[in-house]
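Heads up, this note's numbering is the position in the sequence shown plus 5, with the first residue counted as 1.
Keep in mind that the hints were calculated from the coordinates and are not lab data.
One or more of the hints may lead you astray.
Restraint ranges, calculated between C-beta atoms of paired labels, are given here [as the list claims (entries may be wrong)]:
(1) Leu57 <-> Glu37: 28 to 34 Å
(2) Leu47 <-> Phe10: 53 to 59 Å
(3) Glu31 <-> Leu52: 30 to 36 Å
(4) Leu43 <-> Arg8: 49 to 55 Å
(5) Arg8 <-> Leu48: 55 to 61 Å
(6) Ser68 <-> Gly34: 50 to 56 Å
(7) Asp62 <-> Arg41: 27 to 33 Å
C-beta: ideal position from N, C-alpha, C; glycine also.
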Amino acid sequence: MERQFAAEHLALARASWQRTARRGEELRGEYETVYRTLRARLLAGLLLGVALLVAVDVVVLASV
6 MERQFAAEHL
16 ALARASWQRT
26 ARRGEELRGE
36 YETVYRTLRA
46 RLLAGLLLGV
56 ALLVAVDVVV
66 LASV
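All chains, full assembly: derive it from the sequences and hints.
Encoded structure:
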């Protein structure tokens, strides 16, 4: 009976660790997707800011 309990406990522990590992992989994928999206938004904002600065400089230089 003791061996059966130990075997069942080991099987439950293994299943629990496997679920935890799968969930970790899922979260990694989700966070990587969010990170890529945020990085793309940041780059777009940076490029827009640079473009606006260049446009302002051109207007100021043209009016001088």
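Range hint 53 to 59 Å (beta carbons of Leu47 and Phe10) holds or violated:
The hint (53 to 59 Å, Cβ to Cβ) holds, given that Leu47 and Phe10 are roughly 54 Å apart.
50 to 56 Å as the expected CB spacing between Gly34 and Ser68, which holds or is violated:
Hint holds: Cβ distance 52 Å, inside 50 to 56 Å.
Is it true that Asp62 and Arg41 lie within 27 to 33 Å of each other by Cβ?
32 Å, holds
A range of 30 to 36 Å was offered for this pair. Does it hold for the Cβ distance of Glu31 and Leu52?
Holds: the Cβ-Cβ distance is about 32 Å, inside 30 to 36 Å.
Just tell me: holds or violated, for the beta carbon distance of Leu57 and Glu37 against 28 to 34 Å?
31 Å, holds
Is the gap between the beta carbons of Arg8 and Leu48 within 55 to 61 Å?
59 Å, holds
I want to verify a distance hint. Is the separation of the beta carbons of Leu43 and Arg8 within 49 to 55 Å?
52 Å, holds
Consistency note: the structure conflicts with none of the earlier hints.
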